[in-house]
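There are 2 protein chains.
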Amino acid sequence: MSLGNIEFTTAFSVDNVIFGFDDADLKILLIKRAEEPFANHWALPGALVYHDENLRDAPMRVLKELTGLNNVFLEQVKTFGKVNRHPSGRVITIAYYSLINIHKVAPQAMSFAEEVSWIKIKDVDTLAFDHKEILEYSLDKLRRDVKLRPIGFELLPDTFTLSQLQSLYEAVLDKELDKRNFRKKILSMKLLLDVKEYQQGVAHRPAKLFSFDPERYLTLKSEGFNFEI
Amino acid sequence: MSLGNIEFTTAFSVDNVIFGFDDADLKILLIKRAEEPFANHWALPGALVYHDENLRDAPMRVLKELTGLNNVFLEQVKTFGKVNRHPSGRVITIAYYSLINIHKVAPQAMSFAEEVSWIKIKDVDTLAFDHKEILEYSLDKLRRDVKLRPIGFELLPDTFTLSQLQSLYEAVLDKELDKRNFRKKILSMKLLLDVKEYQQGVAHRPAKLFSFDPERYLTLKSEGFNFEI
Chain F
157 MSLGNIEFTT AFSVDNVIFG FDDADLKILL IKRAEEPFAN HWALPGALVY
207 HDENLRDAPM RVLKELTGLN NVFLEQVKTF GKVNRHPSGR VITIAYYSLI
257 NIHKVAPQAM SFAEEVSWIK IKDVDTLAFD HKEILEYSLD KLRRDVKLRP
307 IGFELLPDTF TLSQLQSLYE AVLDKELDKR NFRKKILSMK LLLDVKEYQQ
357 GVAHRPAKLF SFDPERYLTL KSEGFNFEI
Chain Z
157 MSLGNIEFTT AFSVDNVIFG FDDADLKILL IKRAEEPFAN HWALPGALVY
207 HDENLRDAPM RVLKELTGLN NVFLEQVKTF GKVNRHPSGR VITIAYYSLI
257 NIHKVAPQAM SFAEEVSWIK IKDVDTLAFD HKEILEYSLD KLRRDVKLRP
307 IGFELLPDTF TLSQLQSLYE AVLDKELDKR NFRKKILSMK LLLDVKEYQQ
357 GVAHRPAKLF SFDPERYLTL KSEGFNFEI
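Residue numbers (this note's numbering), protein chains in the order written: chain F, 157 to 385; chain Z, 157 to 385.
Keep in mind that the hints were calculated from the coordinates and are not lab data.
One thing to keep in mind: the hints can contain errors.
Put simply, identical chains are the same to the list, so a pair is met inside one copy or across any two.
To be verified - Calculated cross-link-like contacts (lysine-lysine; reagent style PhoX-like; alpha-carbon spacing at most 20 Å): (1) 238 <-> 288; (2) 352 <-> 364; (3) 276 <-> 188; (4) 260 <-> 340; (5) 297 <-> 377; (6) 278 <-> 297.
From a predicted model like this one, the values you see are computed outputs, not experimental measurements.
Isolated chain F, as found in the complex (with noise of 0.2 Å):
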């Protein structure tokens, strides 16, 4: 019953790409290696996944192993898996994504990451591996997804302007938005709540506060739109 040695000269390692938003800019989180492959370069907060632990069970511990995060809720993108992506030998990468709101997470390196820094991706120069293309995919994943979903919704504070909302949508995407438009196919959803507040300590005129109605937005969620804008 062995499948033969050659094909089990492999491994498989998890990485993870963790978009954060912090009211302007699209940031992800990135660590840098103390370990060689990569020493001292920027990568993607992965590792390889251990021979008695279901896959699933993997990019949460590796995550919490070199950031310290926990309880994020981390959704299979992709397998890459070109024969020299590793300079070690063959290892194909499940990618993970994830959305936070940077403000409610510390996160801290450990273990082989030297350091870790929300980094905006746009200056995101070159990575260790294949992330940059790992980058790149689950970007546009995202891109595509935020279109379809309510997904982004998971990097804003409990409470937001419509002018905050707008931001996000424009960092996602890479592009500016017209306001008006904008405002009126978000309100057409009814997936925003009045909470009746108003902004507080800013110099202008003090914004409304929403919310997301979490009903219709589970609904959505499952239900999709198309938010063409």
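Put chain Z on the given structure of chain F with help from the hints.
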């Protein structure tokens, strides 16, 4: 630069979930395995990835070796990696799916496939490995996808009647649809071209034939729609 031996005692495979439609039922292409493990059991057409083979080339090579099918557009669905999913060792598998028109292909059993057959989804009982779980996940994805993108059309002949199209959606979604609503919704997408021809050789009054508008098809495929039915 070694990554240690423990993690390198693993392998990865690809499994293909090929959906077909024969004017009435949604079917799945299965092979009967001639080899252990799971000899004489029905399974998805899958096999190990070669050590020197890019992952993206593996599913088509495997499908061709087992069934003779070629030039099938395969899309990665998800990677499955429970610790004990394969009795011979630690094997994760990358699942791919495709939609093809049953009448346009003639699969043949080859290699360790001693039989190949289109089996109605409804009649699929147990399968080798975790292939039943993979099939069910892929079917869920297909059901989500046909509501968001016009991919289902790949299962139809080049020209088709509105009834055939409705039968396709009914078979995929496994529910009866209201004829009037269905037609209204489909026609409102302006996806169909009236080819100015009628069915031939039918006992009832021949129905109008349509094809899809390739340009509009590509637009909807990239931008999506929300087909609530």
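**OP:** State whether the alpha carbon distance between residue 297 and residue 377 is at most 20 Å within one copy, between copies, both, or neither.
**Re:** both (15 Å within a copy, 14 Å between copies)
Subject >> Copy assignment of residue 260 with residue 340, given that the CA separation must stay at most 20 Å >> reply: For residue 260 and residue 340, the Cα distance exceeds 20 Å both inside one copy (29 Å) and across copies (46 Å).
**OP:** Since the copies are identical, ignore which copy is meant and state whether residue 352 and residue 364 lie within 20 Å (CA to CA) inside a copy, between copies, both or neither.
**Re:** within (7 Å within a copy, 55 Å between copies)
**OP:** Evaluate residue 276 and residue 188 at a C-alpha cut-off of 20 Å and name the case that applies: within, between, both or neither.
**Re:** For residue 276 and residue 188, only the intra-copy Cα distance (15 Å) is at most 20 Å; the inter-copy one is 51 Å.
Original post:
Given a CA cutoff of 20 Å, do residue 238 and residue 288 count as a within-copy pair, a between-copy pair, both, or neither?
Top reply: within (14 Å within a copy, 28 Å between copies)
Subject >> Within, between, both or neither, where residue 278 and residue 297 count as close if Cα-Cα is 20 Å or less >> reply: within (17 Å within a copy, 32 Å between copies)
Going through the hint list in order, the structure does not satisfy hint 4, though it satisfies all others.
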